[in-house]
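Student: The chain contents come next:
There are 2 protein chains.
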Amino acid sequence: MNEDDRITIHPEKPWEILQDILKTGNSEQLKTFLDSLTQIETALAISRLEVEEQTALFSMLDPSYAADVFEGVPEEQAADIMEELTPTQAAAIIDEMESDHQADILAEMDDEDVEAILSEMEPDDAEETRAMLSYPPDSAGGVMINEYLAYPQDMTITEVLEDLHQNRESYVDYQVQYIYCIDGSERLTGVLRIHDLLFAAKSAKLRDIMIRNPLHVLATERLEQLQDFFDEHELVGVPVTDEEERLVGVILPQAIEEAVEKRTVSQFLDFTGIVGGEEFRSMSLWNRSGRRLSWLSINIILNIIAASVIVYYQETLAGAIALAVFLPIISDMCGCSGNQAVAVSMRELTLGLVRPREVWRVLGKEISIGLVNGLALGLLLAVVAMLWKGNYFLGLVVGAALMANTIVSVSLGGILPLVLKRLKLDPALVASPVLTTVTDMCGFFFVLSFATLVLAKLG
Amino acid sequence: MNEDDRITIHPEKPWEILQDILKTGNSEQLKTFLDSLTQIETALAISRLEVEEQTALFSMLDPSYAADVFEGVPEEQAADIMEELTPTQAAAIIDEMESDHQADILAEMDDEDVEAILSEMEPDDAEETRAMLSYPPDSAGGVMINEYLAYPQDMTITEVLEDLHQNRESYVDYQVQYIYCIDGSERLTGVLRIHDLLFAAKSAKLRDIMIRNPLHVLATERLEQLQDFFDEHELVGVPVTDEEERLVGVILPQAIEEAVEKRTVSQFLDFTGIVGGEEFRSMSLWNRSGRRLSWLSINIILNIIAASVIVYYQETLAGAIALAVFLPIISDMCGCSGNQAVAVSMRELTLGLVRPREVWRVLGKEISIGLVNGLALGLLLAVVAMLWKGNYFLGLVVGAALMANTIVSVSLGGILPLVLKRLKLDPALVASPVLTTVTDMCGFFFVLSFATLVLAKLG
Numbered sequence: 156m157n158e159d160d161r162i163t164i165h166p167e168k169p170w171e172i173l174q175d176i177l178k179t180g181n182s183e184q185l186k187t188f189l190d191s192l193t194q195i196e197t198a199l200a201i202s203r204l205e206v207e208e209q210t211a212l213f214s215m216l217d218p219s220y221a222a223d224v225f226e227g228v229p230e231e232q233a234a235d236i237m238e239e240l241t242p243t244q245a246a247a248i249i250d251e252m253e254s255d256h257q258a259d260i261l262a263e264m265d266d267e268d269v270e271a272i273l274s275e276m277e278p279d280d281a282e283e284t285r286a287m288l289s290y291p292p293d294s295a296g297g298v299m300i301n302e303y304l305a306y307p308q309d310m311t312i313t314e315v316l317e318d319l320h321q322n323r324e325s326y327v328d329y330q331v332q333y334i335y336c337i338d339g340s341e342r343l344t345g346v347l348r349i350h351d352l353l354f355a356a357k358s359a360k361l362r363d364i365m366i367r368n369p370l371h372v373l374a375t376e377r378l379e380q381l382q383d384f385f386d387e388h389e390l391v392g393v394p395v396t397d398e399e400e401r402l403v404g405v406i407l408p409q410a411i412e413e414a415v416e417k418r419t420v421s422q423f424l425d426f427t428g429i430v431g432g433e434e435f436r437s438m439s440l441w442n443r444s445g446r447r448l449s450w451l452s453i454n455i456i457l458n459i460i461a462a463s464v465i466v467y468y469q470e471t472l473a474g475a476i477a478l479a480v481f482l483p484i485i486s487d488m489c490g491c492s493g494n495q496a497v498a499v500s501m502r503e504l505t506l507g508l509v510r511p512r513e514v515w516r517v518l519g520k521e522i523s524i525g526l527v528n529g530l531a532l533g534l535l536l537a538v539v540a541m542l543w544k545g546n547y548f549l550g551l552v553v554g555a556a557l558m559a560n561t562i563v564s565v566s567l568g569g570i571l572p573l574v575l576k577r578l579k580l581d582p583a584l585v586a587s588p589v590l591t592t593v594t595d596m597c598g599f600f601f602v603l604s605f606a607t608l609v610l611a612k613l614g
Numbered sequence: 156m157n158e159d160d161r162i163t164i165h166p167e168k169p170w171e172i173l174q175d176i177l178k179t180g181n182s183e184q185l186k187t188f189l190d191s192l193t194q195i196e197t198a199l200a201i202s203r204l205e206v207e208e209q210t211a212l213f214s215m216l217d218p219s220y221a222a223d224v225f226e227g228v229p230e231e232q233a234a235d236i237m238e239e240l241t242p243t244q245a246a247a248i249i250d251e252m253e254s255d256h257q258a259d260i261l262a263e264m265d266d267e268d269v270e271a272i273l274s275e276m277e278p279d280d281a282e283e284t285r286a287m288l289s290y291p292p293d294s295a296g297g298v299m300i301n302e303y304l305a306y307p308q309d310m311t312i313t314e315v316l317e318d319l320h321q322n323r324e325s326y327v328d329y330q331v332q333y334i335y336c337i338d339g340s341e342r343l344t345g346v347l348r349i350h351d352l353l354f355a356a357k358s359a360k361l362r363d364i365m366i367r368n369p370l371h372v373l374a375t376e377r378l379e380q381l382q383d384f385f386d387e388h389e390l391v392g393v394p395v396t397d398e399e400e401r402l403v404g405v406i407l408p409q410a411i412e413e414a415v416e417k418r419t420v421s422q423f424l425d426f427t428g429i430v431g432g433e434e435f436r437s438m439s440l441w442n443r444s445g446r447r448l449s450w451l452s453i454n455i456i457l458n459i460i461a462a463s464v465i466v467y468y469q470e471t472l473a474g475a476i477a478l479a480v481f482l483p484i485i486s487d488m489c490g491c492s493g494n495q496a497v498a499v500s501m502r503e504l505t506l507g508l509v510r511p512r513e514v515w516r517v518l519g520k521e522i523s524i525g526l527v528n529g530l531a532l533g534l535l536l537a538v539v540a541m542l543w544k545g546n547y548f549l550g551l552v553v554g555a556a557l558m559a560n561t562i563v564s565v566s567l568g569g570i571l572p573l574v575l576k577r578l579k580l581d582p583a584l585v586a587s588p589v590l591t592t593v594t595d596m597c598g599f600f601f602v603l604s605f606a607t608l609v610l611a612k613l614g
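Protein chains in written order, with this note's numbering: chain A, 156 to 614; chain B, 156 to 614.
There may be inaccurate statements among the hints.
In this list, chains with the same sequence are indistinguishable; a pair is considered to hold if it fits within one copy or across any two.
Unchecked claim - Cross-link-like lysine to aspartate or glutamate pairs, in silico, EDC-like; alpha carbons within 16 Å at most:
(1) K612 / E513
(2) K579 / D397
(3) K186 / D223
(4) K168 / D280
(5) K357 / E263
(6) K544 / E171
(7) K168 / E513
(8) K360 / E387
(9) K357 / E207
(10) K579 / E376
(11) K357 / D386
(12) K186 / E387
(13) K612 / D217
(14) K357 / E413
(15) K417 / D250
(16) K612 / E302
(17) K360 / E314
Hints in this document: simulated from the structure, not taken from any laboratory.
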């Protein structure tokens with residue numbers, strides 16, 4: 156460890172200090188120490204504690220403070236810790252959280268544990284939370300918050316200002332850009348910006364100055380539609396209604412961005428074989444190992460199937476053992492070329508720059524790249540093979556095989572995400588294994604069948 | 156094409172309609188049609204036009220409308236189109252854009268083109284834009300906006316309200332949650348929330364009710380520090396100052412989220428071999444092919460180096476040709492296992508759940524996974540090999556080799572991102588090629604050296 160590493164403002168191993176404080180049971184000291192850490196340091200320190208230490212820590216904090224600490228902990232970890240607390244403790248903490256964060260954590264927990272916690276909450280709050288949980292996480296209902304300002308449309312400006320003034324403290328966390336106006340049946344009837352209040356007569360009613368029939372979205376609308384919505388309308392929030400036009404929540408554009416980012420990250424993880432949600436090293440060995448293995452075990456079967464092509468050509472291989480050197484090269488290179496095309500297609504699909512049915516367009520575009528890159532790479536490999544063995548035919552065989560297979564893998568990689576999307580399969584999860592298997596088989600076939608044709612010259 | 160595909164609300168191929176309208180040169184018709192498209196459909200349609208059609212389109216629109224249309228176009232494409240317009244046209248459009256979007260697009264353009272555009276702008280605006288461009292894109296200066304409300308601290312509430320009222324229309328796009336107060340030298344001295352104006356005496360001065368010494372960040376601070384800042388402080392915006400405490404911009408938390416998402420996506424693309432920024436199929440063949448090839452050509456060299464291990468063991472291979480079937484399997488499987496570990500480490504690094512110097516911790520955690528998964532996969536492959544050839548030694552060799560190499564690749568994959576980070580190299584770009592090369596070499600070595608030991612029994 157060098158000089159630089161030791162000179163840090165923040166403690167080297169905050170979890171060790173945390174462990175010492177937990178032993179003393181001094182909750183004031185605990186708070187003082189946690190206050191001195193950044194949110195990321197706090198999350199790091201907590202993730203390094205044993206399960207019993209984690210529960211001890213959250214039991215020592217008052218629910219509102221505990222809720223703040225939970226803000227920084229990744230959801231999967233927060234859910235795990237929550238499950239270890241008593242339902243009463245957990246309910247008290249959940250109650251202090253912002254509504255969207257509540258739903259995110261509860262969604263990661265076992266149904267039983269969720270029920271136990273809900274039964275400890277105030278019936279009204281429990282009802283509200285249950286309603287939030289009933290919406291899919293990628294719908295408007297799943298990303299909305301219920302901290303917003305809504306007043307009956309018949310209230311006067313004076314009355315509203317009075318309420319705002321009296322409840323300043325509790326509204327301080329609210330995103331108070333807009334005031335929503337509702338009628339007697341809680342139906343959304345209008346909206347106004349908070350600074351519209353500045354310029355209105357104090358005796359006017361909200362209904363006199365509100366913008367009628369405001370833009371709103373249904374709780375059942377999906378992430379894509381919401382993205383479209385915020386792309387179209389530069390708003391800092393949109394009200395959410397149920398089927399009966401009743402106001403049920405508010406969506407902030409940040410929430411959509413967050414949900415989209417989450418999806419990008421989970422795509423990325425799926426693509427690299429981390430399936431079933433994020434993996435953290437604080438999870439148990441068996442859990443982590445099992446999740447990775449679930450994907451690897453499918454992969455090894457596919458690999459064995461692909462390699463069976465080689466079995467079929469064993470005689471050719473025995474006649475020209477040098478070919479064995481090139482089989483893994485061609486397999487790996489075509490996997491890489493193909494995955495580049497997969498990545499570009501996945502990105503264009505996400506951005507809406509290509510539509511799932513435009514297979515021919517993508518195929519046309521990728522075949523030309525496959526041709527250019529296949530020619531370049533094939534030539535390079537052919538030269539290497541010739542120089543090594545001084546045999547033109549060996550160079551011709553491996554060069555031609557790499558070129559042919561680059562065309563196959565780039566074209567296939569380009570269209571596979573589109574085809575999978577139309578088949579309602581997840582490209583991030585399925586494209587890469589399918590691609591590698593097919594291109595391996597084709598690659599082995601090209602090398603070995605070309606070699607069979609000129610076997611006498613390869614010896 | 157089936158029934159379902161034809162029944163769409165939106166036009167099948169909006170770019171064809173667009174092409175027809177462009178031929179008529181009717182700009183009203185053009186606007187009406189663009190208004191009917193969502194932002195994503197617009198971006199898609201524009202990306203499908205020829206270069207001349209794109210410039211014709213933007214020349215037909217007034218600058219403010221053109222700026223709105225550009226909002227939805229990916230930055231790389233927007234920059235390409237901008238370069239084709241005359242500097243005068245481009246400057247007029249840029250001038251109508253939000254400041255952060257301006258900087259993003261200009262940063263993608265050639266220096267010459269940027270200079271040509273800046274020289275067409277009002278000197279003051281050009282100066283401001285030049286200043287924005289001088290900050291790196293992942294610094295506070297690079298993500299800040301300059302649409303905000305700042306008033307001299309000696310102004311009265313009445314004067315401020317008057318200005319707000321008079322300029323309502325131009326402030327409508329501003330993120331008016333806060334009002335910033337400055338002194339005579341433009342130094343930031345205070346802040347107040349816009350609704351604080353509601354409760355203040357009209358004759359009071361801003362300095363009487365502002366919060367003094369407000370939280371602020373320096374223009375040079377990096378993305379990580381800004382993320383920390385917004386994690387710590389639940390604010391809807393933070394003022395940015397230069398070294399002399401002068402107010403130069405405002406950062407919205409959304410801008411940080413966007414920048415972080417951009418980085419995640421570019422990590423993801425780097426990881427799959429799409430280097431040098433996003434690739435779109437609307438780019439030229441040579442550009443796309445060259446960018447992919449730059450990465451592939453390094454990869455093929457690394458592959459050839461790895462495969463040279465096989466050359467060294469050609470005799471062993473000739474003695475037991477069945478081994479050639481297992482070489483690509485072991486190479487591919489260990490690449491997959493290793494990349495899983497790379498992905499988990501990259502994720503934990505991004506989230507701050509592991510520190511670059513905690514190599515031993517990660518190594519300990521990954522070795523156990525390598526052991527468990529290596530055992531499982533090795534056993535499976537051993538059984539397959541035995542059943543195929545009825546030779547226990549063949550099973551033993553390939554099973555043991557896969558197990559040993561899984562341990563190597565999982566451990567290496569886990570620590571590589573940490574090590575690369577400490578060496579100031581980009582894990583997303585470097586980890587995967589290095590990993591694959593090393594694990595290929597080890598894998599070939601394990602299979603072939605184990606086989607050499609029991610060669611007599613493999614025949």
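Student: With reference to the structure, classify each hint as holding or not holding.
Tutor: Status of each hint after checking the structure:
no. : hint        : verdict
1   : K612 / E513 : neither (44 Å within a copy, 55 Å between copies)
2   : K579 / D397 : neither (27 Å within a copy, 51 Å between copies)
3   : K186 / D223 : within (11 Å within a copy, 48 Å between copies)
4   : K168 / D280 : neither (39 Å within a copy, 48 Å between copies)
5   : K357 / E263 : neither (47 Å within a copy, 51 Å between copies)
6   : K544 / E171 : neither (61 Å within a copy, 55 Å between copies)
7   : K168 / E513 : between (53 Å within a copy, 11 Å between copies)
8   : K360 / E387 : neither (31 Å within a copy, 39 Å between copies)
9   : K357 / E207 : neither (57 Å within a copy, 57 Å between copies)
10  : K579 / E376 : neither (19 Å within a copy, 44 Å between copies)
11  : K357 / D386 : neither (35 Å within a copy, 38 Å between copies)
12  : K186 / E387 : between (45 Å within a copy, 15 Å between copies)
13  : K612 / D217 : neither (81 Å within a copy, 69 Å between copies)
14  : K357 / E413 : neither (39 Å within a copy, 40 Å between copies)
15  : K417 / D250 : neither (24 Å within a copy, 34 Å between copies)
16  : K612 / E302 : neither (78 Å within a copy, 73 Å between copies)
17  : K360 / E314 : within (9 Å within a copy, 26 Å between copies)
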